[in-house]
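Please model the entire structure based on the sequences and the hints provided.
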Amino acid sequence: MFEPKIVAFVCNWCTYAGADLTGTNRIKYSPDVKIIRFPCTGRIDFMLLIKAFSNGADGIIVSGCHPNDCHYTSGNFHARRRWTIFRSLLDFMGIDVNRITFTWVSAAEGAKWAEVVDSTVEKIKKLGPYKEYRPIANEIVEE
Amino acid sequence: MIETAKKLLKNGDVNIVIGYSEGSQGRVRPFFARNEEEAENLVYDNRCTQNLAMYVSKKEISKYGKPAIVANIHTLRGIIRLAVENQIKDGDLIALHINDKDEMTVCSTLEEIETHLATVTPQISDEDKVMIEKLDAMSLTERRNFWEKEMENCIKCYACRQACPLCYCTQCTVEVNQPQWIPVEASIDGNLEWHIMRAMHLSGRCISCGQCGDACPVGIPIHLLPMKLSQEVKNIYGSISGMNRSEGCAMATYQPGDKENFIG
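Same order as they appear, the protein sequences are chains A and B.
Each residue of the first sequence is one higher than the one before, starting from 0 at the first, in numbering that gives the first Met the number 0.
Each residue of the second sequence is one higher than the one before, starting from 0 at the first, in numbering that gives the first Met the number 0.
Treat the hints with caution; some may be incorrect.
To be verified - Here are some, though not all, of the chain B residues that point toward chain A, as calculated from beta-carbon distances under 7 Å:
#1 ARG142
#2 ARG143
#3 TRP146
#4 TRP180
#5 GLU192
#6 ALA198
#7 MET199
#8 SER202
#9 LYS227
#10 LEU228
#11 TYR253
#12 ASP257
#13 GLU259
#14 GLY263
FYI, nobody ran anything at the bench for these hints, they're computed from the structure.
Here a beta-carbon is modelled for each residue, glycine too, at the ideal position from N, C-alpha and C.
Okay, here's the thing in C-alpha cells:
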C-alpha cells in the first residue's frame, strides 16, 4: 500500500493553530503529513516547494490565514499572487500542479484541517508516487 | 549616430557611449566609446539586437560616469524597468533611440522615453508567440518531456542571467550554498530548478526582450518561461513591465479581490 509523503507549509498564526485545534479536539487525520511552521504564508518561498519535491515529497499542502485575516495584514495577499504565477509556471513546464494543495485554514477550523489533509492524501494516493521529480534526489545520492 | 555620439562626448554631456561596433566573423559586438576617436567605430544595423540596457547597472561601466546608450525598443523598456526598481535616476543616462526606419531620437530624460514608449505596442516575435501556443496546446507529459529534453543540454553557464538587463543582483540565489538552493552540477532537474527560479524572480518584471534565449550557447528557448509569465501577469493583473514608471511592481503588490479560484 502506497503511503504518500506530504509536506505541509503552514503559517504560524492560523493554520498551525488550526492544526493544533484538530489535535485538541481529538479529530483523527492521516499521519502522512509533515507540518512545517512558518511565520507567515508570505515567507513561503516557491523554492521551498521545489526543494520538497526534489527531496522526495509526493504532495504539498500550502496553507495560511484567510484573506483579510493575516497577522501581518498583507502577507497572504502577496503569497496569493506568487502562487498564482507559480502555478502557471509549473504548468507551463509540465509539472503537475494537482500535487500542490493551496488552502486557507483559520485557527478555528480544526475540522477543516483534517478534511484538507485527508482529501489531499486521497488525491495523492490516486496520483501515485511522484516519480517524475524523483531523479534528482536519486542522482545526488548515487553520486 | 556617430556625429551625435561625438557631440555628446565633446560637450561633456556624457562620459561614455554604449553602442555596437564591428566584431569578428561578420558579427557586431557591444562597444564602449570613451572619446570622440573611439566613437568613430560605432555601427548600427539590423545585426544590432543585443539589449545594451544590461550594461547600465554594471560597475565596470558606471565607473566612467554618465553613459549614452544606443537603444532599441527593448533597451528603452529595460531602462524604464530599471528606473521603476530604483536602479537608475532621471538624468542618469541619455538614450539614443533608433527606430525601425533608422531614425534617431535623443531621449535625455525618462519622461521622453515614456512618451516614446506610449506610442508603441509591446509585442513578442511571431516565432515566440507560436512556440508558446504550441506548448500550451501540449499535454502535461508532453510539456514535461519537451523541457526535460531541452534542460538536458543546459551547461549552467548562466549566460541567460548575464545577458538579462534585470538580473542585476550582486549575489544571485544560484550562488548561495548555505543552503544550496540550486544543485551545482548540471543535472536535468537541477537545471529545471534553476530556470524555474530565474523565471519566478523575473515574473512581473521581465520586459520580454528575449535576450536570455539569444544568449544561450546551446539554444534552449528559455526566454519562453519569463515571457509566458509576463503574459500571465498581463492577463491576470493587467500589468505590463517596462512601459511607464507608474506601472509599479505587479508581484510586490496586491488587490484584496485578486483571483483565487485554485485555493480551497
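Now the hints, each set against the structure:
1. ARG142: Holds, about 3 Å.
2. ARG143: 3 Å, holds
3. TRP146: Since the shortest Cβ distance to chain A is 5 Å, the answer is holds.
4. TRP180: This hint holds: B/TRP180 lies near chain A, its Cβ roughly 5 Å from the closest one there, short of 7 Å.
5. GLU192: Cβ of B/GLU192 sits 5 Å from chain A, so the hint holds.
6. ALA198: 6 Å, holds
7. MET199: Interface hint status for B/MET199: holds (6 Å vs cutoff 7 Å).
8. SER202: 5 Å, holds
9. LYS227: With a closest approach of 5 Å, the B/LYS227 hint holds.
10. LEU228: 6 Å, holds
11. TYR253: 4 Å, holds
12. ASP257: Hint on B/ASP257: holds, closest Cβ of chain A at ~6 Å, below 7 Å.
13. GLU259: 6 Å, holds
14. GLY263: 4 Å, holds
Violation of the numbered hints given earlier is absent; every hint is satisfied by the structure.
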